[in-house]
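**Student:** Each chain, letter by letter, is given below.
There are 2 protein chains.
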Amino acid sequence: MPLAELRRRWPDDVSERVLVAFDCANESRIGDDEVLGRVPLTLDIDHHHDNTRFGDVNLIVPDASSTGEVLRDLFRELGVELTPDISEALYTAIVTDTGRFQYTNTTPKTFLLAAELLRAGADRQRVFQGVYESVQFAKLKLLARALDRAQVYEGGRIVISYLLRTDFAEVGAAEPYSEGIIDYLRAVEGAEMAVLIREPPREGGPTRRVSLRASVDELDVSAIARKSGGGGHRQAAGFSSEASIEEITEF
Amino acid sequence: MPLAELRRRWPDDVSERVLVAFDCANESRIGDDEVLGRVPLTLDIDHHHDNTRFGDVNLIVPDASSTGEVLRDLFRELGVELTPDISEALYTAIVTDTGRFQYTNTTPKTFLLAAELLRAGADRQRVFQGVYESVQFAKLKLLARALDRAQVYEGGRIVISYLLRTDFAEVGAAEPYSEGIIDYLRAVEGAEMAVLIREPPREGGPTRRVSLRASVDELDVSAIARKSGGGGHRQAAGFSSEASIEEITEF
Chain P
1 MPLAELRRRW PDDVSERVLV AFDCANESRI GDDEVLGRVP LTLDIDHHHD
51 NTRFGDVNLI VPDASSTGEV LRDLFRELGV ELTPDISEAL YTAIVTDTGR
101 FQYTNTTPKT FLLAAELLRA GADRQRVFQG VYESVQFAKL KLLARALDRA
151 QVYEGGRIVI SYLLRTDFAE VGAAEPYSEG IIDYLRAVEG AEMAVLIREP
201 PREGGPTRRV SLRASVDELD VSAIARKSGG GGHRQAAGFS SEASIEEITE
251 F
Chain V
1 MPLAELRRRW PDDVSERVLV AFDCANESRI GDDEVLGRVP LTLDIDHHHD
51 NTRFGDVNLI VPDASSTGEV LRDLFRELGV ELTPDISEAL YTAIVTDTGR
101 FQYTNTTPKT FLLAAELLRA GADRQRVFQG VYESVQFAKL KLLARALDRA
151 QVYEGGRIVI SYLLRTDFAE VGAAEPYSEG IIDYLRAVEG AEMAVLIREP
201 PREGGPTRRV SLRASVDELD VSAIARKSGG GGHRQAAGFS SEASIEEITE
251 F
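Read top to bottom, the protein sequences are chains P and V.
What the first sequence shows, in this note's numbering, is residues 1 to 251, in sequence order.
What the second sequence shows, in this note's numbering, is residues 1 to 251, in sequence order.
Any given hint might turn out to be false.
It does not matter which identical chain is meant; a pair holds if it fits inside one copy or across any two.
[Claimed, not checked] Okay, derived cross-link-like pairs now, EDC-like style, lysine to aspartate or glutamate, Cα gap no bigger than 20 Å in a straight line:
1. Lys141 with Glu154
2. Lys109 with Glu250
3. Lys227 with Glu246
4. Lys141 with Glu247
5. Lys141 with Glu189
6. Lys141 with Glu192
Derived from the structure by calculation, the hints contain no laboratory data.
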């Protein structure tokens, strides 16, 4: 669907419509607490293993790399033809949800589907440029500051860096621009854990957010995060803190 | 082949052996000017379109994403079974030569082969970690300096940065660590051309090396490079210069 046709408001007759939620692991992802009580029927189509099954009909395939992969199988059942537009949308879903075919959810089936979608007209180059070659200049500057301040600890097994509130203002970066920076720290040779401390540039939030990533299976960073009142997964977790950057780093 | 078994010297009886050159676009890539005169038979297996056909037998497939893809077809003809070790080596060749399935050489056939190699035992996660998650810490520091100095010109259509000889020494980086940095400049939203000027940290080389990358088909950076005595492809080219960084940037 072209983005120009995207609506961000519910239609007036929403109470007479079917709501189809794609890639929403739970109700809050729909972005409106009340709409589920207003629509007569909700279809929940997703691949997240912890989906709460909030729909009247739930199609949840945890083995699928992405909701795009689930949709391909559904389209086959329904006899929907793969047009170039549909193929490109599904291809985008696969590329982004597998991190360019490198996360552990990438299976032989994912690659077979990618081949099929290219043949059906998905423009691989356009997806790549749209998703990965449209980096805001201020994001590069923010990345530069975080990498410049990175330090190794414990003989290289831990890599830590930080971003100050003033950094966001000085380079003109919004808060989400710091996303993905921690992956550069995690990719350092020999690093088992990466830590990025940042001061969110918004009012009313915590003073500091601490993100944790593990590169080895033996390490469970969610345990570390929980001790500080946070949470997350074994490989990716985080917590909020009022401690100073020096105190957090020493800990 | 395990790296431990890799030999870096020609065997004593090289004059009685067959030389098989993989992924070498020309003789100089073999790293020894004289060996071709000493071996009785040379097989040249490659996918570079500008391969000089230096072998007695040449198998050059320009449409293939990588020499790994050429080898898969050859193995099928020869009845060689895809063991997990062979599959992982071929998978590594494909992943690296397609830049994680995103360069224009990625075709449906590439994806079908990737699916086949995973099924035959290639460890996708190990390849990913070995290739992309083993970044030297000094490389991050070098990247930080280049990104911190990046500037936009021509309303954002050109992104330029530079690395000084002292940068390499101060962060402890070898010359090849600057590889790939220009891709960060090229990925900036709206950038049509990226320029990285660097002072190579070796004796006897040029004072400055200028690398050029184009993000749009209309731009041919090899034409710019040729005007300064350099060369390359439409999308990637470079030249040497004795001019100052300011002079190069103004030009």
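**Student:** At 20 Å max between alpha carbons, let me know whether Lys227 reaches Glu246 within a copy, between copies, both or neither.
**Tutor:** Only inside one copy: Lys227 and Glu246 sit 18 Å apart there, 53 Å across copies, limit 20 Å.
**Student:** Is it within a copy, between copies, both, or neither that the alpha carbon of Lys141 lies no farther than 20 Å from that of Glu247?
**Tutor:** Cα proximity of Lys141 and Glu247: none, with 26 Å in one copy and 24 Å across.
**Student:** First find the shortest C-alpha distance between Lys141 and Glu154 inside one copy, then the shortest across copies, and answer within, between, both or neither for a cut-off of 20 Å.
**Tutor:** between (28 Å within a copy, 19 Å between copies)
**Student:** At most 20 Å between alpha carbons: which applies to Lys141 and Glu192, within, between, both or neither?
**Tutor:** Only across copies: Lys141 and Glu192 sit 19 Å apart there, 26 Å inside one copy, limit 20 Å.
**Student:** Is it within, between, both, or neither for Lys109 and Glu250, if the alpha carbons may be no more than 20 Å apart?
**Tutor:** neither (45 Å within a copy, 51 Å between copies)
**Student:** Classify it for me, Lys141 with Glu189: is the Cα-Cα distance of at most 20 Å met within a copy, between copies, both or neither?
**Tutor:** between (23 Å within a copy, 13 Å between copies)
When the structure is compared with the earlier hints, violations turn up for hints 2 and 4 and for no others.
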